[in-house]
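Participant: Single-letter residue listing:
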Amino acid sequence: MKGLALRVAHLFPKLMNIYGDRGNILCLQRRCEARGIGFEVEGLELGDQLKAKEYDLIFVGGAQDREQRLVAEDLVKVKSRPLEEAVKRNVAVLAVCGGFQLMGRFYRTAEGEELPGASVLDMHTIHPGAQAQRFIGNIVVEWNGTTVVGFENHGGRTFLSGNVQPLGHVVAGFGNNGEDGGEGAVYRNVFGTYLHGSLLPKNPKFADHVIEAALRRRHKDFRLSEIDDAVEHAAHAAAVRQATRRSIIR
Amino acid sequence: MIQRTAAVAAGKATAAVSRRFRLGGGTALPGLVAERIDPDVIRELSAQLSEGSVIVTGTNGKTTTARLLRGIAKEAGLRTIANRAGSNMMRGIAAALVDAAGWSGDIASAQKRLGIFEVDEATLPLVADAVRPRGVLFTNLFRDQLDRYGEVETVAAVWRAAVPGLPPEATVVLNVDDPSVAALAAVAQGRILTYGMKDTSSGEGKLEHAADARWCTVCGNELEYSAVIYGHLGHWRCPKCGNTRAEPDVFCGQFQAEVNGSRLTLKLPGGLVEASLPLTGLYNAYNALAAAAAAAALGFGRPAVQRGLNAATAGFGRQERMRVGGRDVQIMLAKNPAGLNQVLRTIAANGSNSDLAVFLNDNIADGRDVSWIWDVDFELLEGKTRSVTVSGLRAWDMALRLKYAGIDGQGASPHVEPEPARALKRALRATPEGSTLYVIPTYTAMLEVRDQLARWAGRGAFWEAE
Ligand SMILES: [Zn+2]
Chain E
18 MKGLALRVAH LFPKLMNIYG DRGNILCLQR RCEARGIGFE VEGLELGDQL KAKEYDLIFV
78 GGAQDREQRL VAEDLVKVKS RPLEEAVKRN VAVLAVCGGF QLMGRFYRTA EGEELPGASV
138 LDMHTIHPGA QAQRFIGNIV VEWNGTTVVG FENHGGRTFL SGNVQPLGHV VAGFGNNGED
198 GGEGAVYRNV FGTYLHGSLL PKNPKFADHV IEAALRRRHK DFRLSEIDDA VEHAAHAAAV
258 RQATRRSIIR
Chain W
420 MIQRTAAVAA GKATAAVSRR FRLGGGTALP GLVAERIDPD VIRELSAQLS EGSVIVTGTN
480 GKTTTARLLR GIAKEAGLRT IANRAGSNMM RGIAAALVDA AGWSGDIASA QKRLGIFEVD
540 EATLPLVADA VRPRGVLFTN LFRDQLDRYG EVETVAAVWR AAVPGLPPEA TVVLNVDDPS
600 VAALAAVAQG RILTYGMKDT SSGEGKLEHA ADARWCTVCG NELEYSAVIY GHLGHWRCPK
660 CGNTRAEPDV FCGQFQAEVN GSRLTLKLPG GLVEASLPLT GLYNAYNALA AAAAAAALGF
720 GRPAVQRGLN AATAGFGRQE RMRVGGRDVQ IMLAKNPAGL NQVLRTIAAN GSNSDLAVFL
780 NDNIADGRDV SWIWDVDFEL LEGKTRSVTV SGLRAWDMAL RLKYAGIDGQ GASPHVEPEP
840 ARALKRALRA TPEGSTLYVI PTYTAMLEVR DQLARWAGRG AFWEAE
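From first to last, the protein sequence lines stand for chains E and W. Numbering-wise, the first sequence is residues 18 to 267 according to our numbering. Numbering-wise, the second sequence is residues 420 to 885 according to our numbering.
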């Protein structure tokens, strides 16, 4: 696979970089380079145009409320059209936490204000108010016959509709809304999730799934080779133990 | 009065029982009990202190700064009352006051007594209302245990709301290098004293990944830095609205790192102070500067500041040194990305053959969310380690982070041993005699590890026989 490279657009790396999002980018890079696949990442900030054709994967992370507002505005005004275009072309999108919420149709804040989202995923998020319980803690999700582990920390409740499926089902933790057992969202090659921690390093199978989805657009049937994930698997298993132990106590 | 007497007595009895049966909790439980009986116990007891009280708050450096300020106050001829490190909520402050009070319910010798309280960022309004401080020192505001507080911006808002309500006689001491602390000057009603780092030569030059508040507090634009000291602390200005770091009243004009400490030239309102601080790292120089500024606000003379800083000793788990089995063990508490980056820089500067033991817990006091370790620049230690042992409840998360940073001891991966005592033994064994073992624990791990090391201190290399 000479000349093969994963080309990543990192949306708002300065504004949305909370909860160890750097680990996700480091992981994509490391897992590509371990297979001799080139890795290019470009940060796009407020006002920067997103050229949908130039990327295999678009990543967006989490943020604090103040930043989320600025980002929401930019997403709608500048980036929602090219994002829509990218999704149609099967470009992969990985949106975590605040970035996940903003991929929906709208986010209603604790004060009741409605921030329009990029509408890439047919879903919406509602914050039931400052007094409502915040969903905080370790979380384990059943996904694709295995598990994905991480940490969630969100006040907003997300509800999926239309063709959007949950990424997985909650084994321990709260998930999208604490009611329907769903966590995250999948539509075409768009993956959304509340899991950070960082998400990808401890979930090597899911990381490879996203990389493969991104590369298959240009390289049909592409498969990643195995690499040494001993520490990754140990960290995954330990996180599962920690999350399930705690949830029994709760 | 009767109510207070009962409250103090109950608190003191609780403390005695806790000590007798080694229940722990002696730093907070007596305060909790006393407050239940007399909700005004803090207000009433602190009002008896002849020199009043001063509050130290902020994310990083509270404990060390408060400790340095105690040393300075002592040199100024005062006695102090202080809460114990980490017990920085209302109950911890109540416990300290109850401890200083006699069974009669009054502070036994309130003359020439100053209260120095380190206070949790979010608890500041409550404590300030109860103790009516003479001074409040705001050090900095970093990402810390997001799962507990929600967001940095939330704490900033709590502070902005609290400052206008401080007693008019209280001096507000502000770090101008931190944009969100500097912004408090606009809402302060009383006297303001500012401090900052003038010598930026040992700073980081550019913003590190852990940097938080790099947005203008007035207009929201991205700030520009002509110099970064650490994290988001530095010489900043907003290119859009002109909001700029003000020249501080008190500053550190020269910082020079030495092997076991640093030399500081501090400019105070009355003149210069040359101090020889026995604590390493730029972040400790910052703590010394903060303590000197608070001392200036309280009217202490320059000789007291100099003697107090020169005589500084490390606090509980903060650069504390112990001798165990012929090895020097140095405990460096890890609280958040910016603080830990400073610790790593200090270790990296001390040589290229470091022996490390890292303990990552995720109990409530550590922060339940371990994602912060991905914002720490462990890459600073790449190629600089001889042995690395990883332990704690989230040992494997740390092992993975270190794998990504390319950190390994002698070509091997970090050794993972989740059980702390076994991990310590392994790390000591891997550290050559006469060398230093750097122990980097999160808060609850520090309590555990420190206890264990203290029990071994002074003994020979007993693990060799095992
Ligand atoms: Zn501005």
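Hints were generated in silico from the structure; no laboratory data involved. These numbers were taken from a predicted model, which means no experiment stands behind them. Treat the hints loosely; a few may be bogus.
Stated by the list, open to error - Below, simulated EDC-like cross-link-like pairs (lysine to aspartate or glutamate); rule was C-alpha separation at most 16 Å, straight line:
id, chain 1, residue 1, chain 2, residue 2
1, E, Lys-222, E, Asp-197
2, E, Lys-94, E, Glu-62
3, E, Lys-68, E, Glu-50
4, E, Lys-222, E, Glu-196
5, W, Lys-531, W, Asp-618
6, W, Lys-822, W, Glu-838
7, E, Lys-31, E, Glu-71
8, W, Lys-822, E, Glu-102
9, E, Lys-31, W, Glu-470
10, W, Lys-822, E, Asp-246
11, E, Lys-31, W, Glu-643
12, W, Lys-822, E, Glu-50
13, W, Lys-617, W, Glu-693
14, W, Lys-803, W, Glu-836
Participant: Take the hints in turn and mark each one as holding or not.
Facilitator: Right, here's what the structure says about each hint:
1. E:Lys-222 to E:Asp-197: 25 Å, violated
2. E:Lys-94 to E:Glu-62: 13 Å, holds
3. E:Lys-68 to E:Glu-50: Not satisfied, since the Cα-Cα distance of roughly 24 Å exceeds 16 Å.
4. E:Lys-222 to E:Glu-196: 27 Å, violated
5. W:Lys-531 to W:Asp-618: 35 Å, violated
6. W:Lys-822 to W:Glu-838: 20 Å, violated
7. E:Lys-31 to E:Glu-71: This hinted pair is violated, its Cα atoms lying about 21 Å apart.
8. W:Lys-822 to E:Glu-102: 37 Å, violated
9. E:Lys-31 to W:Glu-470: 46 Å, violated
10. W:Lys-822 to E:Asp-246: 11 Å, holds
11. E:Lys-31 to W:Glu-643: The given pair, whose Cα atoms are some 14 Å apart, holds under the 16 Å limit.
12. W:Lys-822 to E:Glu-50: Answer holds: W:Lys-822 to E:Glu-50 is near 15 Å, not above 16 Å.
13. W:Lys-617 to W:Glu-693: 15 Å, holds
14. W:Lys-803 to W:Glu-836: Since the Cα atoms of W:Lys-803 and W:Glu-836 sit roughly 21 Å apart, the hinted pair is violated (cutoff 16 Å).
This entry does not satisfy hints 1, 3, 4, 5, 6, 7, 8, 9 and 14, going by the numbered hints stated previously.
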